[in-house]
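Undergrad: Each chain is listed here by its residues.
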Amino acid sequence: MDSNSLMQFAGAVASGAVRVVDLTFTLSPDFPVIVLPPEFGQAAPVRIQQISRYDASGPAWYWNNLTFGEHTGTHFDAPIHWFTGKDLPNNSVDTLPVRDMIAPACVIDCSAQAAKDADFLLTIPIVEAWEKSHGRIPERHWVLLRTDWSKKGWRDYANLKDDGAHTPGPDAAVMRWLVEERGVIGFGTETIGTDAGQAGHLDPPYPAHHFLHGGGRYGLQCLCNLDQLPPTGAVIVAAPLKIQNGSGSPLRVLALVPGQG
Amino acid sequence: MIEPIAKPRRKNPLLRTRLPTSPPRARSRASHGFTRAAAEGRFMLQRCGACETFCYPARDACPTCLSADLVFTDAPRRGTLLSETTLHIPADVHFRERAPWRVGLVAMDCGPKLVTHLHADCEEGKSVVMSFQLDKSGQAVAFAHPERETSNMADDRQWREMTADPKFRRALVTNGRSIVGQEVVAALKAAGASIVFVGVAEPWKPFRGEDTLRALEGVEIVPLDIGDEKSVADLAADIGGKVDILVNTTEHVRSGGLLDRQGTSVVRDEIDQTYLGFVHLAQAFGPAMRMRGSDGVNSAAAWVNILSVYALANWPMFGAYSASQAAALSLSHSLRAELRPGGVKVVNVFTGPLDIEWFQTVPPPKVAPRVVANSIVSALKRGLEDVFVGDVAEDIRQRLAANPKAVERELGA
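Chains W and F, in that order, give the protein sequences.
Numbering-wise (this note's numbering), the first sequence opens with residue 1 and increments by one.
Numbering-wise (this note's numbering), the second sequence opens with residue 1001 and increments by one.
Incorrect hints may appear among the rest.
Said to hold, decoys possible - Which residues of chain F face chain W? A partial, calculated answer using Cβ under 7 Å: (1) Thr1035; (2) Lys1205; (3) Pro1206; (4) Asp1228.
Think of the hints as simulated: they come from the structure by calculation, not from any bench.
The beta-carbon is built from N, C-alpha and C at its ideal position, and this holds for glycine as well.
Can you build the whole structure from these sequences, using the hints too?
TA: In structure tokens, the structure reads:
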């Protein structure tokens, strides 16, 4: 690509010919985080502690101290997050190839199914049906599962019952197939995890984590505004923080979408 | 005969909120024996080890035989009101604002005579029952009660100055997710609290008892995550000016000490919830409470901490938890001193293991959450400062007084 095309692209972003869609929730203390049984270690919630705000602690400046777990808010999962990816090279957020941080996306709209069934599972036939309309999923593309889950209030969003969370996600077969047969670069969801709320009962448990990270692929979760993306043609910019040996990180996820004119 | 107090009207926003004033504060070191008695709701007098004479006020030598062997011991409470005096224009600012104020002279059945504050139903020549109370300066004073229950007894104006009665007061219970929190809410409502705000963290997580809590009249669920500075500050911005009683029902119990825990995340959670949560609450709600200590019938009155008795002596089976409780206990003493200018009490309720999930494997006796809740309300009504609930807490207290080193070895055995 010559520098001219790159400048053309920058111009298109500036003019709106390429639209930039923010797929990120605001990182805040009240956003739900993954809940594990209390006997396990827990993700530290997001805390924003003010250092000063133009006051006695700092008369001219405002700043905060932050604490949060790597898997809070809209966040990125690196292969090292799961045991299946623990021995892969370049498997943490500080070592993964930066070129993987920009990649196109296929958006599969399952919002109608998810509205009817909180435990909706994405399957191979559903993806094959999508491919009939939009073409085969190319290699090194993100697959983003649109469920409109991000539009819910926090309680319905987490949807915790006495038998665990009930949120949509992929089944085991489709995850293996996407990784092995379609070579996706990663899988993204609107829900708290890349896996369904009840995915602990699938075989293997948590198949999105299992197959994605075992195959050196990535996860994105707690995405929003997927309804603003076309089924194909969007480009995802997802650059996690460069945390030493980090298993993931909150991040700003942007989608570049062909604009109107 | 006492007229029942009326539910306070809404404040006139054109009027200045009266600042709290303190009654005389100076005490001798010896007389802090009464402070201890008042804090725990005991009636103690000095008694001479040599001649067995009870004496009052506090002395360094027996007034009868000059022996220095004066020991504070629990004493019989009955006496006779010899005389009463009504002060109409006291010189002291605190009492001038509260005049007319009745004091009296009581001859105790056990010997000494006490100058005392009087319940309105005490009559000259009649029997009275004595207690020591902590006044608005946090110091012990004698208080005479009628011998028998009279109508609306707790509504006595002078008595209410000594207590933090929930009646017509507004309370904040910081954690409505726990059974203890829910029982405290119910107990405060039963005691006549006009409204109970109940903090619920992470409202997207359902919890046991939620429907019952939401259905209670005069109970308002508010978002409150005490580990989050901003959440606490935001709630204080909304209701900080109308929290008269704050009950910190934070409950973060995890077993284990140091060596068998991997990493520090569990310890950190304990510190966040127990210590930093306390700091957040104190910084957000404390200043307004201190300022509102004389704000009428529903003045700010008390801050209640529920502490493990293992704050006083580490129980290694719950070693890190004990340490977090010790930290909260130490903070509570700072808070107590800092709230004292407002006349706001800090009540520490010490319990042994509670009958809750996190103490599942601990053998009985365990303290039922309802018992904790009732003890809190009782402490508020009686104006206590240190309360030991249940056999384990009382046992630890007594053993600590006898031999702290023995307690250390035995708890670590």
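Undergrad: All hints, please: hold or fail.
TA: Status of the hints after comparison with the structure:
{"no.": "1", "hint": "Thr1035", "result": "36 Å, violated"}
{"no.": "2", "hint": "Lys1205", "result": "6 Å, holds"}
{"no.": "3", "hint": "Pro1206", "result": "6 Å, holds"}
{"no.": "4", "hint": "Asp1228", "result": "5 Å, holds"}
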